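Student: Chain residues, written in single-letter form:
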Amino acid sequence: MEAVWDFLRHVHDAYGVNLVHFYDGFERGRMLRGMWTTLQLATLCILLSVVIGIVGAWVQGSRSRLLRAVVQGYIQFFRNTPPLVQMYFFYFALGPMMPRVENEYGIPQPILGSFEWAMLSLSFFAGAFNVEIFRSGVEAVQKATVEAAESLGFSRWQIYREVVLPLAVRVCLPALNNNLVNLAKTTTQAYAIAVPETLFVASQIWSDRINVFEMMVTLLTFYLLLVGAFVWLMGRLERALRVPGFGK
Amino acid sequence: MRGFLKTILAAAIGAAFATGPALADPMAEIKKKGVLVVGVKTDYPPWGTRDASGNIVGMEADMAADVAKRLGVKLELVSVVSSNRMQFLQQGKIDLMIATMSDTPERRKVVGIIDPVYYASGVAILANKRAAIKNAGDLKGKPVCALQGAFYNNDLQSKYTGRDLVAFKGVPEAEQALLDGRCVGFVYDDVVLVWKKAQEAKWGDFEIVQLNEWQPVPWGLAVRIEDLNGPWGKFMSDTVGDWLKSGALLDLEKKWVGGNTAWLSEATAKAKK
Numbered sequence: 001m002e003a004v005w006d007f008l009r010h011v012h013d014a015y016g017v018n019l020v021h022f023y024d025g026f027e028r029g030r031m032l033r034g035m036w037t038t039l040q041l042a043t044l045c046i047l048l049s050v051v052i053g054i055v056g057a058w059v060q061g062s063r064s065r066l067l068r069a070v071v072q073g074y075i076q077f078f079r080n081t082p083p084l085v086q087m088y089f090f091y092f093a094l095g096p097m098m099p100r101v102e103n104e105y106g107i108p109q110p111i112l113g114s115f116e117w118a119m120l121s122l123s124f125f126a127g128a129f130n131v132e133i134f135r136s137g138v139e140a141v142q143k144a145t146v147e148a149a150e151s152l153g154f155s156r157w158q159i160y161r162e163v164v165l166p167l168a169v170r171v172c173l174p175a176l177n178n179n180l181v182n183l184a185k186t187t188t189q190a191y192a193i194a195v196p197e198t199l200f201v202a203s204q205i206w207s208d209r210i211n212v213f214e215m216m217v218t219l220l221t222f223y224l225l226l227v228g229a230f231v232w233l234m235g236r237l238e239r240a241l242r243v244p245g246f247g248k
Numbered sequence: 001m002r003g004f005l006k007t008i009l010a011a012a013i014g015a016a017f018a019t020g021p022a023l024a025d026p027m028a029e030i031k032k033k034g035v036l037v038v039g040v041k042t043d044y045p046p047w048g049t050r051d052a053s054g055n056i057v058g059m060e061a062d063m064a065a066d067v068a069k070r071l072g073v074k075l076e077l078v079s080v081v082s083s084n085r086m087q088f089l090q091q092g093k094i095d096l097m098i099a100t101m102s103d104t105p106e107r108r109k110v111v112g113i114i115d116p117v118y119y120a121s122g123v124a125i126l127a128n129k130r131a132a133i134k135n136a137g138d139l140k141g142k143p144v145c146a147l148q149g150a151f152y153n154n155d156l157q158s159k160y161t162g163r164d165l166v167a168f169k170g171v172p173e174a175e176q177a178l179l180d181g182r183c184v185g186f187v188y189d190d191v192v193l194v195w196k197k198a199q200e201a202k203w204g205d206f207e208i209v210q211l212n213e214w215q216p217v218p219w220g221l222a223v224r225i226e227d228l229n230g231p232w233g234k235f236m237s238d239t240v241g242d243w244l245k246s247g248a249l250l251d252l253e254k255k256w257v258g259g260n261t262a263w264l265s266e267a268t269a270k271a272k273k
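Which chain is which? The protein sequence lines are A and B, in order.
Using my numbering, the first residue of the first sequence is number 1, and each one after it goes up by one.
Using my numbering, the first residue of the second sequence is number 1, and each one after it goes up by one.
No wet-lab data here; the hints were simulated from the structure.
Quick caveat, the model's predicted, so the values are computed rather than measured.
It is possible that part of the hints are untrue.
[To be verified] Rough simulated footprint, nothing fancy, chain A against chain B, three-plus residues with beta-carbon under 8 Å: (1) 124-131; (2) 201-211.
[Claimed, not checked] Reference excerpt, derived from the structure (chain B facing chain A, CB under 7 Å, subset only): (3) 46; (4) 49; (5) 53; (6) 56; (7) 155; (8) 158; (9) 172.
By construction, the Cβ of each residue, glycine as well, lies at the ideal position given by its N, Cα and C atoms.
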């Protein structure tokens, strides 16, 4: 491995292409930690936002008007405000109001940190869209199918879980993919509240080392690979879930 | 006709070469005019800013006023910004520049930076008193707020904190995060921190700890490079030396910044010896 780093050092000296975030141990370490943080943030947000979407779409079909109104309010709030503004709002306006715990340095610190707020705000943001995406799937399920399940004595939750949702997921998967890909890319906004993810670390490196071009290319490649891998996974899921003849 | 063209051409060439002040002694010229023109900043409180009625005020404006007093002439302040301050001096629009300019070898090739330098900004941390930070070594493993892109960030992380900084785009965000208890301190230019702490009551539970791990960057005032070794440059050099020796700069800093920085206190002590 050392030989590779030496070669990259040579590339810097000879051609002026500075890939310091590979050959320098300190920069490589924080770059990898940044990528790992992005991966964690994206994975957690995707899972949480899908859960929000599934539960939200179920509540939308609830008999209680109050519950339906709550979900509607949630969607309007998160869909109609920019995700960056939401993140600032959560971290700087809501965050300090949270209960504080004295940390190891003797300073009372709000219980949720920047990573947690980024995760929550991004999940709620994407979740609002997911509710609508799942609703589109739910509404595509034939009424007759639901009535058949009702006549067999299924409860409302059972019908949603066993009959409606499995069909709805297959209908809305392409739209869901789109939104989740967007979500994975929006994790870069966590940069604004000092979550040390990939863009945050990259900008630290390029302001220290003035290798802006090289960092931009690295960033673009990283997100291309990350989102590419995710799209490939979702494509496999879509094929695995295919019901022969359904939707034709 | 040809003779006429020649005359115009000669006049034009003559004019092109004649521009730029070719004064042997700008100090005599200033005294003759009765006005000293000084370029100061108006976008950098408390060193140079405008008061409610639009007058240029600040620590550097006061310094300029003292120079005019010593010369026995009237003072005219001209607002300059970082990107045009050296050009204003070169073009003769100002006689003297006192504009928070860092002293660098590149700049010394362009303008005449007066020795001794009058000020310097170093790096300090505005730290929560509970964290009991005494020096950069105490920052190990602790969350530290910073500004994205600051020149000391890399050293701060690789040598001292050993963990990612809590770095924001702007000063207000970093301050808010510090107040919210999300970091033990905010690392920034010491002179600005001293000023903020003196200005704002919300920093009562915080203290400024100088981080001597980073050398202070001196600020120099400047004359045109060709005047540096002439009487005008000599006069300004003596003036700055006197400001340091008499403690006048410490008084001005106390008045405008609200406290004294470590660098200026030391420079004053050294000058008095």
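Student: Hint by hint, say whether it matches the structure.
Tutor: How the hints compare with the structure:
Coverage of a stretch by a chain is defined here by at least three residues with a beta carbon nearer than 8 Å to that chain's beta carbons; for the region 124-131 of chain B and chain A the count is 3, and the condition holds. Look at the region 201-211 of chain B against chain A: 0 of its residues bring a Cβ nearer than 8 Å to a Cβ of that chain, fewer than three, so the hint is violated. The criterion of a C-beta within 7 Å of any C-beta in chain A is not met by residue 46 of chain B, whose closest approach is roughly 27 Å, and the hint is violated. Here the hint on residue 49 of chain B is broken, as its CB sits about 27 Å from the closest CB of chain A, past 7 Å.
A cut of 7 Å between beta carbons decides the hint on residue 53 of chain B: the least distance to chain A is about 35 Å, and the hint is violated. Because the smallest distance between the Cβ of residue 56 of chain B and any Cβ of chain A comes to about 32 Å, over 7 Å, the interface hint for this residue is violated. The criterion of a C-beta within 7 Å of any C-beta in chain A is not met by residue 155 of chain B, whose closest approach is roughly 9 Å, and the hint is violated. Hint status for residue 158 of chain B relative to chain A: holds, with the closest Cβ pair at about 5 Å, below 7 Å.
Among the interface hints, the one on residue 172 of chain B is violated; its C-beta lies about 9 Å from the nearest C-beta in chain A, farther than the 7 Å criterion.
Violated hints, in rising order: 2, 3, 4, 5, 6, 7, 9; the structure is consistent with all others.
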